[in-house]
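Asks: Listed in order, the protein sequences are those of chains X and W.
All the letters of the first sequence, read from the start, carry residue numbers 0 to 268 under numbering that gives the first Met the number 0.
All the letters of the second sequence, read from the start, carry residue numbers 0 to 277 under numbering that gives the first Met the number 0.
One thing to keep in mind: the hints can contain errors.
[Said to hold, decoys possible] List time: in silico DSS-like cross-link candidates among lysine-lysine, alpha-carbon distance up to 27 Å:
id	chain 1	residue 1	chain 2	residue 2
1	X	K162	W	K200
2	X	K2	X	K57
3	W	K200	X	K250
4	W	K115	X	K250
In short, the hints are calculated from the structure, not lab data.
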Amino acid sequence: MGKPLNIIVCGSLVPDPLQTLEPVTTPQGPGLKNEQMLPSVLDPWAACALYEAAALAKARAGSKVTLVSVGPKAKLQQLMMTVAQKAPFQLVAVNAPAGGFTDAMETAAALAKAIKSTPGLDISTALLFGGCASASRDAGVTLQFVAEMLGISEMFNAVDSIKLEEDDSFTVLERVEGGQYLSSTCKGLPAAIGWATGSLPEPPNNPQTGMMNMRGIMPALMKAPAVDIGTGGISYVSVEVPAARRDTVVKKDMSVDAIAAEIVEWMKG
Amino acid sequence: MTIRAFSIDGDGTHSQDVPAFAAAIKEAAADLVLVPGNSRVRRSMAAAALRAGAAVDTGIVDVAVEGDMATVRRWVYRQRILAAFSRVARPWVVVTDPALFDEICAKLGVKPETPKLDLAADTHSWMNGRQSAVAGGESTIRPDAKMLFVAGAGWTKKQADGALHLGEAAAAITGFLARSGASLGSSKSLVDMPEAAEAFKFMSHMNQIGQTGSTPRHAKGLATCCHGEEPHVVGWRFIGERRAVNLDANCGWAQGKADVLYVADAFAVMAKVNELLG
Ligand SMILES: Cc1cc2nc3c(=O)[nH]c(=O)nc-3n(C[C@H](O)[C@H](O)[C@H](O)COP(=O)(O)OP(=O)(O)OC[C@H]3O[C@@H](n4cnc5c(N)ncnc54)[C@H](O)[C@@H]3O)c2cc1C
Numbered sequence: 000m001g002k003p004l005n006i007i008v009c010g011s012l013v014p015d016p017l018q019t020l021e022p023v024t025t026p027q028g029p030g031l032k033n034e035q036m037l038p039s040v041l042d043p044w045a046a047c048a049l050y051e052a053a054a055l056a057k058a059r060a061g062s063k064v065t066l067v068s069v070g071p072k073a074k075l076q077q078l079m080m081t082v083a084q085k086a087p088f089q090l091v092a093v094n095a096p097a098g099g100f101t102d103a104m105e106t107a108a109a110l111a112k113a114i115k116s117t118p119g120l121d122i123s124t125a126l127l128f129g130g131c132a133s134a135s136r137d138a139g140v141t142l143q144f145v146a147e148m149l150g151i152s153e154m155f156n157a158v159d160s161i162k163l164e165e166d167d168s169f170t171v172l173e174r175v176e177g178g179q180y181l182s183s184t185c186k187g188l189p190a191a192i193g194w195a196t197g198s199l200p201e202p203p204n205n206p207q208t209g210m211m212n213m214r215g216i217m218p219a220l221m222k223a224p225a226v227d228i229g230t231g232g233i234s235y236v237s238v239e240v241p242a243a244r245r246d247t248v249v250k251k252d253m254s255v256d257a258i259a260a261e262i263v264e265w266m267k268g
Numbered sequence: 000m001t002i003r004a005f006s007i008d009g010d011g012t013h014s015q016d017v018p019a020f021a022a023a024i025k026e027a028a029a030d031l032v033l034v035p036g037n038s039r040v041r042r043s044m045a046a047a048a049l050r051a052g053a054a055v056d057t058g059i060v061d062v063a064v065e066g067d068m069a070t071v072r073r074w075v076y077r078q079r080i081l082a083a084f085s086r087v088a089r090p091w092v093v094v095t096d097p098a099l100f101d102e103i104c105a106k107l108g109v110k111p112e113t114p115k116l117d118l119a120a121d122t123h124s125w126m127n128g129r130q131s132a133v134a135g136g137e138s139t140i141r142p143d144a145k146m147l148f149v150a151g152a153g154w155t156k157k158q159a160d161g162a163l164h165l166g167e168a169a170a171a172i173t174g175f176l177a178r179s180g181a182s183l184g185s186s187k188s189l190v191d192m193p194e195a196a197e198a199f200k201f202m203s204h205m206n207q208i209g210q211t212g213s214t215p216r217h218a219k220g221l222a223t224c225c226h227g228e229e230p231h232v233v234g235w236r237f238i239g240e241r242r243a244v245n246l247d248a249n250c251g252w253a254q255g256k257a258d259v260l261y262v263a264d265a266f267a268v269m270a271k272v273n274e275l276l277g
């Protein structure tokens with residue numbers, strides 16, 4: 000069996016996708032209406048990264064998964080109630096705003112600093128994981144910035160599969176154009192991987208894992224340093240929700256033949 | 000303001016592309032550097048910009064320039080909120096939506112050039128090549144198709160006779176794709192289902208549309224057996240005309256998300272559509 004793995008997962012919270020989002024202006028720049036009250040979830044692609052990390056760690060005795068999160072402390076604590084039950088990990092938290100309008104570079108700098116200042120996180124042998132893009136900023140740049148700031152030169156993006164060998168070399172499949180994958184092989188660690196969906200289902204809640212994790216998570220949240228992350232060098236001109244609502248015509252009593260004919264006609268038009 | 004546009008395509012490893020892109024940004028000596036956000040650019044351009052001391056934004060759908068001021072537009076929260084903003088930092092690398100690169104360049108009167116990339120940096124990685132995401136088959140994702148055809152989890156549910164009809168569903172879907180040339184999209188529920196992975200080998204997570212899937216651009220979209228929930232429909236932002244076939248008259252599509260909702264059995268409708276398409 001290979002050496003224990005040191006997997007660092009960058010991921011934070013985003014509003015539950017079922018919520019309605021309404022932009023508002025705040026003294027700090029654009030924000031969301033009732034942002035503090037909106038229920039949140041672990042950023043979906045970062046969540047995939049966490050589950051993939053947990054599976055890799057499980058397969059190598061002594062491995063460690065560290066989730067590094069930049070987000071408002073109170074909301075992170077709430078989120079951890081469920082996330083902690085998914086997989087064993089230690090949390091490193093930074094108390095700062097997180098959202099679609101905060102600056103990716105400042106967020107990355109806070110992540111890189113937190114990683115560097117956590118004892119025992121040896122970057123030279125690490126796998127740096129995160130989502131390929133967030134569901135908030137959706138820029139797909141944060142993990143790349145963090146990798147660059149940490150001096151990690153091997154990086155793969157929108158990965159759905161990793162095959163790790165005992166000598167730490169690995170082969171990944173990255174999503175590219177036209178429903179294809181690009182297969183690449185890397186000789187060893189460190190390396191950064193921005194995950195797409197991966198191949199693992201969401202693990203069921205395990206209260207025992209949750210209780211174990213929370214022993215470390217609560218102190219991590221207590222000592223989370225506060226960092227002022229703003230909109231960086233961006234000057235927002237406008238922020239709007241373009242009208243997306245259509246006047247739906249509901250056709251209830253048409254025969255199958257008539258519907259099919261209408262669809263074919265529409266396709267050709 | 001000096002604006003340069005770089006066409007970058009093909010594939011490249013991050014460790015070699017980052018120094019090459021960073022050098023190209025520096026050599027461009029431009030205020031704005033426009034690049035199309037294809038998979039190669041998305042893998043390495045952000046790190047390259049950081050290394051070159053440039054600002055960078057991705058997913059840009061519009062650029063307007065007035066004097067020394069440039070304003071860009073991009074979506075945040077997965078196509079829900081559209082933001083317009085400017086930066087004073089220069090150089091500014093503007094990674095556009097790949098489908099809009101040519102249009103944005105034309106609007107700004109910039110002719111895309113192919114930059115000279117020096118790919119000699121040390122690397123620990125190598126590329127083995129591209130492969131279809133569908134094991135042994137042709138990709139059902141066709142970005143250039145006029146039409147998007149979405150299959151939802153309803154295709155795998157027990158139907159009115161109390162039975163599953165997975166074979167019939169697979170035949171209806173693949174039959175339609177073959178006849179129409181449409182690109183196949185899916186809901187998350189369908190691609191997450193183990194029984195669908197078994198019965199619908201022609202699709203994978205890559206087909207998923209929505210919040211944690213893709214947001215393709217097609218002139219028309221037809222959704223079948225898909226409820227039309229918000230996390231799915233955010234992926235339809237750039238689909239022109241939208242129609243849906245669902246048994247439920249109160250499904251999400253009825254709530255202003257489609258132009259036309261046919262309340263009907265998609266099995267019967269698609270069998271007939273395939274028959275008409277011949
Ligand atoms: C964090 C997060 C991210 C998500 N991301 C995505 C995403 O990216 N993409 C996505 O799609 N979803 C996403 N979802 C899930 C989303 O909320 C829905 O659960 C999902 O889209 C439902 O898929 P569906 O409509 O295919 O299935 P269902 O909700 O099960 O609907 C099946 C539909 O089929 C219809 N039906 C059944 N039989 C027939 C028939 N014979 N003829 C016609 N109609 C029939 C039913 O009436 C029903 O409307 C996400 C959820 C979360 C929490």
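Asks: Report the numbers of all earlier hints that the structure fails to satisfy, in ascending order.
Replies: When the structure is compared with the hints, numbers 3 and 4 turn out to be violated.
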